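Colleague: Sequence:
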Amino acid sequence: MFLFSHPLFSSLLFCSVLADTNFSMPYSATERMSLRFRFSSRPAATQPIVLNEQAIVENLTQDKVKRMWATSRTWEDEQLYLVHDQGIAGITLPCTLVVKKFQNMNPALQVDDNVQYRYKSEMILLASNSHDNIIKVVDLIQREDAIMLVYEYPVNGSLQSWLHQPMDAGQPLSWPQRRAIAIGVAKGLCHLHHECKKPIVHHNINSSSILLDQNFKAVIASFDVAQMNMAGLGQPLPVTDLPPGNFGYAAPEYGRATNQVTEKADIYSFGVLLLVLVTGRVANGPGGNGLLATWAQKKCNELMANNLKMFKITVGKGMPNQARYMKEMATMFRLGVDCTVRDPQERPSMLKVLERLRRGRSPFRGLLTF
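Heads up: the sequence shown begins at 1 in UniProt numbering, then just goes up one per residue.
Since the hints were made in silico from the structure, they are not lab data. Each hint can be trusted.
Straight-line C-alpha distance at most 20 angstroms; calculated DMTMM-like pairs for lysine to aspartate or glutamate:
hint, residue 1, residue 2
1, Lys120, Glu144
2, Lys198, Asp132
3, Lys352, Glu195
Just the calculated beta-carbon pair ranges, DEER-fashion:
hint, residue 1, residue 2, range
4, Ala323, Asn215, 24 to 30 angstroms
5, Lys298, Ile124, 38 to 44 angstroms
6, Gly290, Ser121, 33 to 39 angstroms
Since the model is a prediction, treat every value here as computed from it, not as a measurement. We put the beta carbon where it would ideally sit given N, CA and C, even for glycine.
With these hints in hand, go ahead and build the complete structure from the sequences.
Modeller: See the structure below:
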């Protein structure tokens, strides 16, 4: 069964099939049945690339299990695999894929209702949201004992690996790259909050859940705890699980007795991400520094009194050509502070955040200048 005939993919708007595509390939009937279409995120790619489904399944070995973005909530019966598909000689190109495998804790059993619910929830959210800055589901593989979602894997890995882990080769991210990444994530969140039929709250924005493609375009991943808010934008959404891997990025309202949040929780997390991009610090700093957002709120008041004179001590040390972009970095730092105020109602909307990122503004014009 081809991917696009599956009823749950009826709203896969990002896929298109060429009417004149010839599938009379020199493969056996069994091999043809195991092939799946995949579409590259490269702008010029309009022809289908074929995946060998059985080869993918056979490659899901323990040595290919990766944590990647799975830092928020990892079920015992849910794992991520990084698989390199060799392609088919003369027909398709090699590609790297992420395979998310859902199965019962006892692999000998068939997939139960709980597993079915989890994979359907994530797949429907992603399949109905076509956007350049949101990770793409390219295949669904079903077996009696497991269900697998297949994603495109951006070749440059996670933003976290570029910001906080030693790089074997290459330079640290430049300021233009960081600014473009921030705008890309903002576009993706803007789509989730304001352009979907019902707003979607991601709940897990952090440097691990942002992946980078070959051009360092930001792609939002990690939708395992995302929720569609049927009540609409700004309405409280019950939350049962605080993403434990999101410490430092999670908004303070996650820890309150009401257990209700709005899309403004994503604004807080995005604000922390902006602060991380500017300062190079981790969200929950060691050595008594505490939460980056708390530190930045205090630091911002100090910087306002001195304008830009002392701001250079705040910027990440490894970033090249800092002096050239100091005002832009201060502007983003200011926006990060505005996004991480404790009261959700005082945080700007994602539309306003994107507007400010695109046009820039005077960095120290007072608190909450949106």
